[in-house]
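Residue numbers (the working numbering), protein chains in the order written: chain Z, 346 to 456; chain F, 36 to 148.
Do not take every clue at face value.
[Stated by the list, open to error] Here's a subset of chain F near chain Z, in silico, CB distances under 7 Å, partners left out:
hint : residue
1    : GLY38
2    : GLY77
3    : LEU78
4    : LEU80
5    : LEU125
6    : THR136
7    : GLN137
8    : TYR138
9    : PHE139
10   : GLY140
11   : PRO141
I should point out that these hints are in silico values taken from the structure, not numbers from a laboratory.
Beta carbons are placed, not taken as given, at the ideal position from N, Cα and C, and that holds for glycine.
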Amino acid sequence: DAKTTQPPSMDCAEGRAANLPCNHSTISGNEYVYWYRQIHSQGPQYIIHGLKNNETNEMASLIITEDRKSSTLILPHATLRDTAVYYCIVRVKAAGNKLTFGGGTRVLVKP
Amino acid sequence: DGGITQSPKYLFRKEGQNVTLSCEQNLNHDAMYWYRQDPGQGLRLIYYSQIVNDFQKGDIAEGYSVSREKKESFPLTVTSAQKNPTAFYLCASSRTERGDTQYFGPGTRLTVL
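Isolated chain Z (complex conformation):
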């Protein structure tokens, strides 16, 4: 699976949009971009994933650049409960394929 690079930390104001970047310049054509987050001492929570097109669900939006070398996770209205470590992962959608979590971005939402 391709390696990802994320900033180690970022702050966000409550109620504002949080834009989390991820670089995956070596991504292959059959690799998807996944985002998870992990609140302290809890299991990782799936957020969203995509291949080429931008995606949106009730939690977030995922913007993937046309060359697929980077992406941005957007939390439209950050709340204090969004404080967590956010992981960007690229992986092939194959049966039994493990998830490889890198360092992630530690997001602190401030009131």
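Chain Z is already provided as a structure; the job is to place chain F on it using the hints.
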């Protein structure tokens, strides 16, 4: 209410004792996974199972054993052979046919004294 449950949330054991961690899912997922997370670290795959009565070793299987007798259940035994068993253990499941999204349980924090 569908989901993945792990029990207990916290577990304490003496060194040299085997301990079994429970993982149950009612999502009708075929595949189940066990990961280990150490403080400040990412996840490492211990074992995974794509179907009942079949499982494969992950990257760090030594000192662990699993069984998959039922689709809903994938218990993990941490044996006395595991050198550093103290960690946060996470179970996940997914549909197999598309190598689909993995969903995680709340985790079990094991401390070996």
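Hints, one by one, checked against the model:
1. This hint is violated: F:GLY38 has a C-beta 10 Å from the nearest C-beta of chain Z, more than the 7 Å allowed.
2. Nearest Cβ of chain Z to the Cβ of F:GLY77: about 4 Å, under the 7 Å cut. The hint holds.
3. With a least beta-carbon distance of about 5 Å to chain Z, the hint placing F:LEU78 at the interface is held under the 7 Å criterion.
4. At its closest, the beta carbon of F:LEU80 sits 4 Å from a beta carbon of chain Z; the interface hint therefore holds under the 7 Å criterion.
5. Interface hint at F:LEU125: satisfied, since its Cβ lies 5 Å from the closest Cβ of chain Z, which is below the 7 Å cut-off.
6. Look at F:THR136: its Cβ gets to within about 6 Å of chain Z, closer than 7 Å, so that hint holds up.
7. With a least beta-carbon distance of about 6 Å to chain Z, the hint placing F:GLN137 at the interface is held under the 7 Å criterion.
8. A distance limit of 7 Å between C-beta atoms decides the matter here; for F:TYR138 the minimum to chain Z is near 6 Å, and the interface restraint holds.
9. Because the beta carbon of F:PHE139 sits about 4 Å from the nearest beta carbon in chain Z, less than 7 Å, this interface hint is met.
10. The closest approach between the C-beta of F:GLY140 and any C-beta of chain Z is roughly 5 Å, which is under the 7 Å cut-off, so the hint is satisfied.
11. Checking F:PRO141 against chain Z by beta carbon gives a least distance of about 5 Å; that is within 7 Å, so the hint holds.
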